[in-house]
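J.: So you can see what is in the structure, the chains are spelled out below.
There are 2 protein chains.
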Amino acid sequence: MKRKITLKQIARELDVSISTVSKALRNSEEISADTIEKVQAFAKLYNYKPNNIALSLKNRRTKKIGVIIPEIVHHFFSNVIKGIEKVANKHGYNVIVALSNESFDKEVLNMEMLANGSIDGFILSISKETLMLKDYHHFRETINQGMPIVMFDRVVNEINCDKVIVDDFDGAKNAVKIMIDGGSKHIGIITTKDYVSVGSLRTNGYLSALQLSGITASDELVLKVEDGLDTEENSDKLYKTIQSLFDNNPQMDGVFAVNELFALIAMKVAHERGIKIPEQMQVIGFTNGVLSKYATPSLTTVSQHAQQIGEQSAYLLIERLEKDEDLEEDGWKTVIVKTDVVERDSTK
Amino acid sequence: MKRKITLKQIARELDVSISTVSKALRNSEEISADTIEKVQAFAKLYNYKPNNIALSLKNRRTKKIGVIIPEIVHHFFSNVIKGIEKVANKHGYNVIVALSNESFDKEVLNMEMLANGSIDGFILSISKETLMLKDYHHFRETINQGMPIVMFDRVVNEINCDKVIVDDFDGAKNAVKIMIDGGSKHIGIITTKDYVSVGSLRTNGYLSALQLSGITASDELVLKVEDGLDTEENSDKLYKTIQSLFDNNPQMDGVFAVNELFALIAMKVAHERGIKIPEQMQVIGFTNGVLSKYATPSLTTVSQHAQQIGEQSAYLLIERLEKDEDLEEDGWKTVIVKTDVVERDSTK
Chain R
127 MKRKITLKQI
137 ARELDVSIST
147 VSKALRNSEE
157 ISADTIEKVQ
167 AFAKLYNYKP
177 NNIALSLKNR
187 RTKKIGVIIP
197 EIVHHFFSNV
207 IKGIEKVANK
217 HGYNVIVALS
227 NESFDKEVLN
237 MEMLANGSID
247 GFILSISKET
257 LMLKDYHHFR
267 ETINQGMPIV
277 MFDRVVNEIN
287 CDKVIVDDFD
297 GAKNAVKIMI
307 DGGSKHIGII
317 TTKDYVSVGS
327 LRTNGYLSAL
337 QLSGITASDE
347 LVLKVEDGLD
357 TEENSDKLYK
367 TIQSLFDNNP
377 QMDGVFAVNE
387 LFALIAMKVA
397 HERGIKIPEQ
407 MQVIGFTNGV
417 LSKYATPSLT
427 TVSQHAQQIG
437 EQSAYLLIER
447 LEKDEDLEED
457 GWKTVIVKTD
467 VVERDSTK
Chain E
127 MKRKITLKQI
137 ARELDVSIST
147 VSKALRNSEE
157 ISADTIEKVQ
167 AFAKLYNYKP
177 NNIALSLKNR
187 RTKKIGVIIP
197 EIVHHFFSNV
207 IKGIEKVANK
217 HGYNVIVALS
227 NESFDKEVLN
237 MEMLANGSID
247 GFILSISKET
257 LMLKDYHHFR
267 ETINQGMPIV
277 MFDRVVNEIN
287 CDKVIVDDFD
297 GAKNAVKIMI
307 DGGSKHIGII
317 TTKDYVSVGS
327 LRTNGYLSAL
337 QLSGITASDE
347 LVLKVEDGLD
357 TEENSDKLYK
367 TIQSLFDNNP
377 QMDGVFAVNE
387 LFALIAMKVA
397 HERGIKIPEQ
407 MQVIGFTNGV
417 LSKYATPSLT
427 TVSQHAQQIG
437 EQSAYLLIER
447 LEKDEDLEED
457 GWKTVIVKTD
467 VVERDSTK
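So the sequence lines, in the order shown, correspond to chains R and E. Each residue of the first sequence is one higher than the one before, counting from 127 in our numbering. Each residue of the second sequence is one higher than the one before, counting from 127 in our numbering.
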């Protein structure tokens with residue numbers, strides 16, 4: 127049997143991007159007629175068949191769910207998987223996990239790899255690079271081929287599918303309000319760049335809480351951490367960045383961090399400068415993990431209920447898979463999992 | 127096309143365990159002739175073919191690596207995967223992850239699921255239940271079918287394959303020696319039950335360090351944590367167990383913990399009792415993660431170099447896959463990744 131050629135090999139042979147190949151194969155208007163012709167001719171020559179498996183989906187169930195997450199060294203994502211496993215296993219499904227490593231190309235390739243007959247449907251959270259590029263054709267293509275996707279946490283409006291999200295805006299707003307009620311007047315935020323949807327929603331929640339209490343927001347107090355700094359290898363750089371937030375704002379008496387690592391480092395910096403938590407500075411983090419619980423002082427957090435997000439995502443996908451109707455005929459659901467603030471010793 | 131029946135379905139239909147089905151299909155002496163006959167007749171009736179895919183392996187490469195880990199909410203395992211991804215991607219391989227959730231049955235089913243044409247070889251760490259049952263037939267069967275396995279961290283002598291381990295014994299011995307040199311005389315250990323190979327090796331390293339320094343070991347100072355208590359949901363129970371180690375040993379002036387969570391909880395208990403770290407009690411953990419680095423005080427750890435373990439495992443597997451020789455003809459390698467003690471503020 128002839129070996130099947132992959133998207134990646136076509137891209138390499140023709141020296142174009144994976145995205146270009148993928149789009150050219152479906153006659154995208156974004157791609158020049160010349161490139162479309164070249165890619166399709168090449169694909170035909172090597173017998174590339176992107177749709178053959180998905181088309182036969184209706185008659186064939188693998189009882190497997192494919193999960194694509196941006197990162198694995200992350201308490202939130204690993205707990206979501208735990209929740210997916212729990213519900214999937216109960217319903218007789220197995221779970222296969224692949225990582226995008228926050229890369230667009232890897233996300234596209236992993237979807238191609240798994241959609242290729244290995245699984246019945248996807249549960250995924252979008253990579254940062256994909257969100258930055260705003261290129262969602264691979265999701266659209268997968269859904270058009272009849273394979274359902276459930277997106278969680280990092281979702282986009284541009285794609286119609288089932289989604290599970292948390293109330294990022296309200297969660298952040300509630301957390302910041304607790305600090306304001308506790309007497310903080312100069313609250314800093316450590317967040318992500320705006321194209322990360324959840325980071326941006328949390329930043330807006332923070333701003334809204336300030337506004338409601340008549341506090342004028344200050345750009346100096348908003349730290350948008352560069353991409354790639356939020357990994358463990360780069361935690362020394364992250365440390366320095368967070369130190370400069372403290373340097374620039376000696377009056378800062380509260381910190382709201384959009385993840386656990388940011389919050390923990392802020393506490394460490396405060397500790398080293400002799401700033402007492404919560405007396406002189408209150409700290410709240412997003413994502414309630416083991417780090418928060420056993421930190422000294424223990425950290426007040428906005429709990430996202432990661433496992434519940436995973437469970438809900440699996441329920442939605444399995445429901446969709448077992449309905450056996452055309453995907454478009456049924457309305458898409460968005461389930462919002464409410465956050466809770468878990469008050470511990472880092473707030474008053 | 128007739129739907130393919132699975133091991134699990136056969137087990138359910140005949141009301142026997144998955145392991146029994148698996149063994150009966152290969153005429154194991156452990157299984158009664160009656161059961162073997164029943165299972166094989168049923169398998170034949172439903173056209174069960176366990177070997178058909180693996181047999182054709184030589185002619186077909188998926189360029190995918192299957193990884194089976196016991197748990198995902200665990201810094202060590204997620205970093206191993208990061209290392210596997212790094213090397214696999216460099217060599218054009220994709221990585222698929224599945225979880226055993228420390229269950230024997232799930233480990234067997236996941237191996238069946240992935241070996242079924244989805245991957246070229248396995249990298250895995252054995253589940254606790256498998257280690258307890260000492261039932262390794264699924265590994266043996268997979269290797270006999272021509273699909274290579276690389277085991278890491280939790281490995282067993284009974285299976286001949288490539289392995290990547292750390293020097294658990296020496297790592298623990300060195301860590302405990304540092305505490306003895308720092309003046310600790312009553313050092314407790316928080317470890318796992320003995321059937322978890324790495325836990326047992328670390329316990330022995332601890333005992334050896336005490337002996338070398340002429341310190342008599344005391345059973346009271348050895349806490350072997352029950353299975354299942356080392357998960358986040360059960361961390362309150364774990365907390366109580368560790369509190370009782372403190373209650374039973376008021377003279378304890380050092381704690382060696384075989385993982386990060388155990389160490390962090392020990393520090394929290396010490397903190398609550400007004401025991402100063404490191405002045406009155408030194409603490410060292412195994413596995414160097416972000417928790418250790420940003421704990422207060424920061425935790426001295428035995429770094430396992432998890433990412434390097436993943437990288438080495440991927441190298442061994444890819445080397446084996448690309449050699450294209452019979453698996454038995456070549457000697458198996460065991461790579462030992464040396465641990466380092468990273469000294470921070472929890473030791474003198």
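Honestly, the hints are just simulated from the structure, not real lab data. Accuracy of the hints is not assured; some may be wrong.
Put simply, identical chains are the same to the list, so a pair is met inside one copy or across any two.
[Unchecked claim] With a straight-line cut-off of 30 Å between C-alpha atoms, the simulated DSS-like cross-links for lysine-lysine are:
1) Lys170 / Lys260
2) Lys212 / Lys449
3) Lys363 / Lys449
4) Lys164 / Lys366
5) Lys170 / Lys394
6) Lys299 / Lys363
7) Lys164 / Lys474
8) Lys419 / Lys474
9) Lys170 / Lys474
Bear in mind that the values here come from a model prediction, so they are computed numbers and not experimental data.
J.: Does each hint fit the structure? Answer for all of them.
T.: To see whether the hints hold, each was checked on the structure:
{"no.": "1", "hint": "Lys170 / Lys260", "verdict": "within (29 Å within a copy, 51 Å between copies)"}
{"no.": "2", "hint": "Lys212 / Lys449", "verdict": "within (21 Å within a copy, 39 Å between copies)"}
{"no.": "3", "hint": "Lys363 / Lys449", "verdict": "neither (49 Å within a copy, 41 Å between copies)"}
{"no.": "4", "hint": "Lys164 / Lys366", "verdict": "neither (49 Å within a copy, 67 Å between copies)"}
{"no.": "5", "hint": "Lys170 / Lys394", "verdict": "neither (58 Å within a copy, 64 Å between copies)"}
{"no.": "6", "hint": "Lys299 / Lys363", "verdict": "within (28 Å within a copy, 33 Å between copies)"}
{"no.": "7", "hint": "Lys164 / Lys474", "verdict": "neither (65 Å within a copy, 67 Å between copies)"}
{"no.": "8", "hint": "Lys419 / Lys474", "verdict": "both (16 Å within a copy, 26 Å between copies)"}
{"no.": "9", "hint": "Lys170 / Lys474", "verdict": "neither (66 Å within a copy, 68 Å between copies)"}
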